[in-house]
Amino acid sequence: MAIIERPSATPATAGAGAPTFVPPSQAMGIFHRPVATTGWKSWLFTVDHKKIGIMYGVAAFAFFLVGGLEALLIRTQLAAPDNTVLSAGLYNQMFTMHGTTMIFLFVMPMISALANYFIPLQIGARDVAFPRFNALSFWCFLFGGIFLNTSWFLGGAADGGWFMYQPNASNLFSPSHGVDFWALGVQITGIASLTGAINLIVTIINMRAPGMTLWKMPMYTWMILVTQFLLVFAVPVISVALFLLTFQRSFGGQFFNVDAGADPLLWQHLFWIFGHPEVYILIMPSFGIASEIIPVFSRKPLFGYKVMALSGAVIAFVGFGVWAHHMFASGLGPVSVAVFSASTMIIAIPTGVKIINWTLTMWGGKIRYTAAMIFILGMIVQFVIGGLSGVTHAVSPSDTQQTDTYYIVAHFHYVIFGGAVFGIFAAFYFWWPKMFGRMLDERLGKWNFWLMAIGMNLTFGPMHMIGLQGQPRRMVVWPSKLTGDGLFNLGFWNRVASVGSYMIGIGVIVFLVNIYRTHRKSNTASLAPLDPWDARSLEWMTANPPKDHNFDAIPTVHELDEFFHRKYEEVDTEHGPKLVKTTTAEALLAEQEANADEHIHMPSPSYWPILLAFTLPVISYGIIFSIPLAALGGALLLVCAFGWALEPSTAPESDFDPPAEAGPSKELEHVG
Amino acid sequence: MADVAVHTDHAAPDGHAAVGHAAMHTTIPGLSNNKLGMWLFLGSDCLLFGGLISVYMLYRGRNGTGPGPDALWDIPLTSVSSFVLLMSSLTMVLAVSAAHRDEDAKAQTWLSVTALLGSTFVGAQVYEFTSFYHEGLGYTTSLFSSSFYSLTGFHGVHVTVGVIMLLTLVAMVSKNKIPGQKAEAIEMVGLYWHFVDVVWIVIFTLVYLIPT
Amino acid sequence: MSFHRNEQVGTVQDMHSSRSSVARRSTSRRAALAGLGMLGLFLAGCAKDAPQDTFQPAGENARTIDNLQRPVFWIAGVIGVIVFILMGYIMVRYRDRGQSLPEQTHGKMSLELGLTMIPTLIMVGIAVPTMATIFDLAKTSDTECVVNVTGQQWWWEFDYPVQEGCVSGGIKQPIVTSGQMPIPTGTKVLLKIESRDVIHSFWVPKLNGKKDSVPGRTHTLRMEVDEPGIFSGQCAEFCGLSHARMRMEVVGLNQADFDTWATNQLEPYEAPTDPLALTGEATYAAQCSRCHQVDGLKKDDGSLIVSQPELYVVSGAAPNLTNLMTRNTFAGATWDLLTPACRDKVWNASPEEFGALYLKGVTRECLNEAELRDWIRDAPNKKPMYTDPTKLEPSDGKVRGMPALGLNDDQITELIAYLLERK
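Chains R, W and A, in that order, are what the protein sequence lines are.
Converting from the first sequence to the working numbering requires adding 8 to each position, the first position being numbered 1.
Converting from the second sequence to the working numbering requires adding 1 to each position, the first position being numbered 1.
Converting from the third sequence to the working numbering requires adding 3 to each position, the first position being numbered 1.
If you are wondering where the hints come from, they were derived from the structure by calculation, not from laboratory data.
Accuracy of the hints is not assured; some may be wrong.
Unchecked claim - Simulated crosslink set (DMTMM-like; lysine to aspartate or glutamate; CA at most 20 Å straight-line):
1) R:Lys489 to A:Glu374
2) R:Lys589 to A:Glu106
3) R:Lys374 to R:Glu450
4) W:Lys183 to R:Glu655
From a predicted model like this one, the values you see are computed outputs, not experimental measurements.
Hey, can you work out the whole structure from these sequences and the hints?
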């Protein structure tokens with residue numbers, strides 16, 4: 009039985025019978041520190057990585073729906089030639105916001121959601137290294153995303169494309185405030201990513217359970233670690249670009265003014281030095297998820313663990329050296345083009361290694377086709393297609409035909425949507441029982457998969473053709489006279505793509521229906537056992553959902569796939585050594601509870617993260633509309649920073665209600 | 002590989018150990034959470050300054066009709082203020098070592114001196130920029146001016162934030178309000194301060210010393 | 004089916020084993036069918052004769068790219084098929100049929116290294132010709148004719164500077180045109196590409212890859228046409244509101260026809276004889292000539308009118324209409340000056356007939372009058388541009404595009420009569 013105590017700061021009162029009343033710590037002398045563990049306050053002020061992970065997930069999914077709606081509007085406009093569903097101005101806003109939302113407000117935060125929830129569990133820790141910063145990251149993301157989307161109602165959203173090339177995105181050529189909202193909104197979400205990255209790196213490096221060396225970490229943890237390093241070094245570069253953009257647009261700074269002698273390619277270089285690592289940031293976590301799911305459902309360990317880890321690191325490293333392949337037509341000289349063409353070809357190799365290793369993991373296995381597994385298999389197939397089309401872009405002369413056409417749109421949707429997002433959905437089905445104690449319905453899961461997969465291939469498959477046969481991207485209309493002859497001309501395929509996009513939408517709705525049906529109170533069939541998949545890593549050695557403090561007793565790790573090796577033992581039989589299951593997750597959990605740690609201190613909730621995050625959009629609105637408001641926001645930011653710095657991470661005893669006179673006190677949580 | 006057991010029976014707090022819990026945590030690489038976090042932050046800051054320096058290097062010769070570096074730089078003045086900043090790194094080291102030896106008063110003194118030297122540097126920059134402004138170099142004058150002011154301005158903000166942190170440390174030490182590892186908090190600010198100094202050496206060399 | 008937490012029930016996977024084996028087989032069969040179906044669709048799916056098809060090179064440079072891209076696509080396709088067949092095999096062969104836990108192999112370095120060598124060698128094999136092609140396409144020393152290409156929102160200007168090449172005997176006076184760029188066939192043309200405002204991109208897929216037009220920089224692009232014909236292109240870098248309506252065409256003419264074209268472009272101005280056109284000339288001088296240059300047009304006092312679009316347009320230029328009817332598209336090559344029937348004749352003409360048809364230009368019978376009227380009446384309605392006079396503060400009162408001039412139908416009729424003679 010473990011006792012979670014609030015640490016006692018009150019000195020033992022010598023001799024006195026009654027406890028002396030110590031006034032609770034107060035923020036700014038006015039507000040009591042939040043200590044609630046239930047109710048809405050416990051979510052608003054939480055620093056618990058699991059609650060933060062869930063909030064990240066819900067918010068990211070909401071933005072997924074927003075971005076999806078924007079996509080459907082785009083495809084509706086492009087379903088017919090010279091269509092008039094969206095005006096040119098609105099269309100430009102639509103594709104800009106679709107890309108920005110999907111990348112910055114859906115995939116990246118959803119990756120954070122899963123990483124936040126599962127990294128501490130996978131490494132046997134109780135929380136992340138900096139819990140309040142973790143909360144800050146989430147609130148920055150949420151407020152940044154909301155701020156960005158208020159632009160729709162405040163003069164029009166950004167309309168320069170998610171890549172915002174200069175000088176088109178300058179005041180002269182994009183006069184509405186949309187671009188300002190974009191620059192500041194992405195800047196705020198950048199802060200979220202950067203603080204989150206530092207947090208996770210420190211957590212993974214410093215807080216692993218005893219015995220868990222780097223080579224005994226789950227592969228998902230490895231991939232997240234590599235991804236966070238990418239973020240730490242890539243986000244500052246886009247921050248610089250965004251600062252330059254904001255200072256130019258709002259304060260007249262001269263950075264991209266061609267008349268003054270500026271080189272528009274400066275923006276492109278800064279953007280893509282971030283932008284290329286960014287796409288590896290999007291895909292590597294899903295690579296990690298694949299490396300978790302495939303071994304579990306093939307009943308074999310990951311093939312080539314060390315090679316997988318190292319190839320991830322190599323991809324990240326080389327990923328910083330390929331950015332100008334986005335600029336093959338931009339007027340770099342042939343030497344630069346040749347160098348980047350070569351480096352882009354090089355990066356295909358460690359990526360291919362991963363595909364090989366997943367395939368070899370399944371070889372000789374005992375494969376179960378659950379929803380999680382088929383999502384991952386779909387991810388691999390689609391990523392291979394996207395990756396191969398990527399190789400064709402590495403050939404830069406060929407790329408000068410392909411770039412800025414629908415062939416590129418096809419490529420990146422195959423790798424991001426077909427790859428990263430399908431990996432995320434696989435993670436949903438895989439980890440849902442651990443997070444919520446219920447299993448998503450497998451049958452609906454398969455409908456979810458097939459609708460999304462067929463829809464996705466119908467939408468983006470034809471785009472390969474459409475692009476190579478001459479349709480550029482970012483075009484509000486396509487005319488019939490450029491579509492060629494025959495039934496299967498570009499017009500036909502544009503229509504097919506639009507139909508496919510609706511199918512994806514239906515697939516997503518099926519997913520939502522699945523969630524609803526699963527969580528209906530009357531649905532007892534969906535209640536999940538502790539270890540439904542007979543999995544391999546530590547996060548499954550916890551309750552459903554895990555207790556606040558994750559592990560009653562921090563496990564000591566002896567090998568890779570520690571959890572698996574605690575359940576299975578090698579037994580000698582007449583046919584040779586065989587693996588036999590000797591214990592279950594339930595038994596292991598009971599053992600933990602019996603040997604629970606005596607004192608477990610958890611960090612306390614806090615106001616400061618949400619307050620500090622709130623000042624950022626205030627400053628941003630101020631920069632756009634009213635400098636005094638920005639100054640006010642800045643002052644509030646300083647106040648919040650001070651309040652945070654002066655607040656201890658764990659609340660002192662006096663912050664909690666004084667114990668009741670009779671009976672066991674309510675505040676001491678007894679577990680077990 | 003783990004020579005030292007990792008204690009994870011409470012989540013390592015951000016900068017402040019839980020009240021009442023005095024044990025020192027040893028980690029696999031030997032760096033506390035706070036220090037590792039600070040190193041990572043400084044790593045990302047390298048890229049930030051790298052981006053700004055690149056922009057400056059690209060635009061240093063594009064001063065249009067406005068004044069250029071040759072007309073503006075007062076190398077002697079800037080050398081003196083750079084020296085002042087360099088010295089502040091020395092006093093920072095002294096502050097950290099005093100904190101390690103639990104000599105609060107000395108630590109406070111050295112921290113205050115560091116803050117003073119840092120403020121002097123910022124003051125000198127303010128004076129310098131004001132005189133540039135009067136010589137016709139505004140923020141929006143040219144590509145050169147915008148890049149110059151942005152680069153040095155970002156650095157100046159970093160120094161100012163550092164000064165605020167130093168003064169806050171002085172106050173917190175006196176109120177005994179840095180719970181747990183006092184020395185570590187001061188060390189962390191020290192790391193930041195040294196980083197800001199090193200960046201200035203790079204900026205000073207590239208911006209002021211290398212002729213256009 | 005309920006789960007009791009503390010019972011040693013085992014996993015969901017075991018419980019599903021018998022029920023899902025049927026589902027699994029049909030899952031993999033459905034997967035295989037879906038895959039085959041898609042492949043089939045893909046192969047059948049090419050549009051015939053798409054005007055901007057990158058797989059139908061009509062010039063040396065596009066052919067160089069096509070010769071490189073085809074094998075690469077084949078290699079990628081073959082690799083993809085091999086990977087999918089392998090995966091399909093594994094998915095069927097190693098599915099759970101109730102066998103015992105498989106051998107827990109952790110890896111085999113020799114296998115890994117071997118399998119990594121194969122893609123590496125393939126990459127090297129692709130890289131070598133790629134490097135050669137990059138440098139081939141960047142060559143500018145062997146070109147015989149230079150055309151300056153300038154992009155601005157939302158049209159393309161082409162000017163042929165004074166030089167010894169292009170025309171037999173050289174070009175003695177610069178030629179300025181827009182929308183369609185005639186070049187002599189079999190000639191290595193060098194385009195020098197610039198921009199007057201934002202980044203655009205010059206792309207005529209059948210002739211070469213694209214090259215961005217970046218303000219403040221000059222980029223070169225090789226261009227060569229095998230045979231006479233007209234080749235469609237589009238701006239391929241997002242450039243704002245009417246990016247989708249910024250097109251151009253390259254016109255290949257054999258040397259003799261090109262010489263004729265060039266001579267015609269520089270013929271002196273002929274005042275109209277038709278009375279309607281004469282009135283149109285006056286209307287043009289009053290309304291259009293502020294921005295649109297017509298060489299040789301005179302004011303009432305006899306002095307030459309020099310258009311000053313730099314006073315009215317942000318990008319500082321408007322298309323030169325001196326010889327409008329020698330080309331057959333307008334408004335950034337977005338609309339045809341020719342009726343659909345006449346357009347088809349020109350586009351579908353054989354290489355031998357093309358030159359003569361093109362040089363005929365636009366005649367009264369072939370004029371696509373309705374489109375042209377719409378444009379002159381209310382250009383921003385047809386093609387979104389920033390011309391609202393109440394919203395021009397960010398651009399200091401200058402427009403980005405052609406504003407609605409408020410002309411009545413009679414004026415438009417006069418103008419059209421005048422323009423028809425601009426040949």
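Requested in this report: With a cut-off of 20 Å on the C-alpha distance, tell me whether Lys489 of chain R and Glu374 of chain A pass.
Outcome: Status holds; Cα separation ~15 Å.
**Report entry** 20 Å limit on alpha-carbon distance, applied to hinted pair Lys589 of chain R and Glu106 of chain A
**Finding:** 14 Å, holds
Query raised in the report: Does the structure keep Lys374 of chain R and Glu450 of chain R at a Cα separation of 20 Å or less?
Result: 19 Å, holds
Requested in this report: Below or equal to 20 Å on CA atoms is what counts here, so check Lys183 of chain W against Glu655 of chain R.
Outcome: At roughly 15 Å apart (the allowed maximum being 20 Å), Glu655 of chain R and Lys183 of chain W satisfy the hint.
Going through the hint list in order, the structure satisfies each hint without exception.
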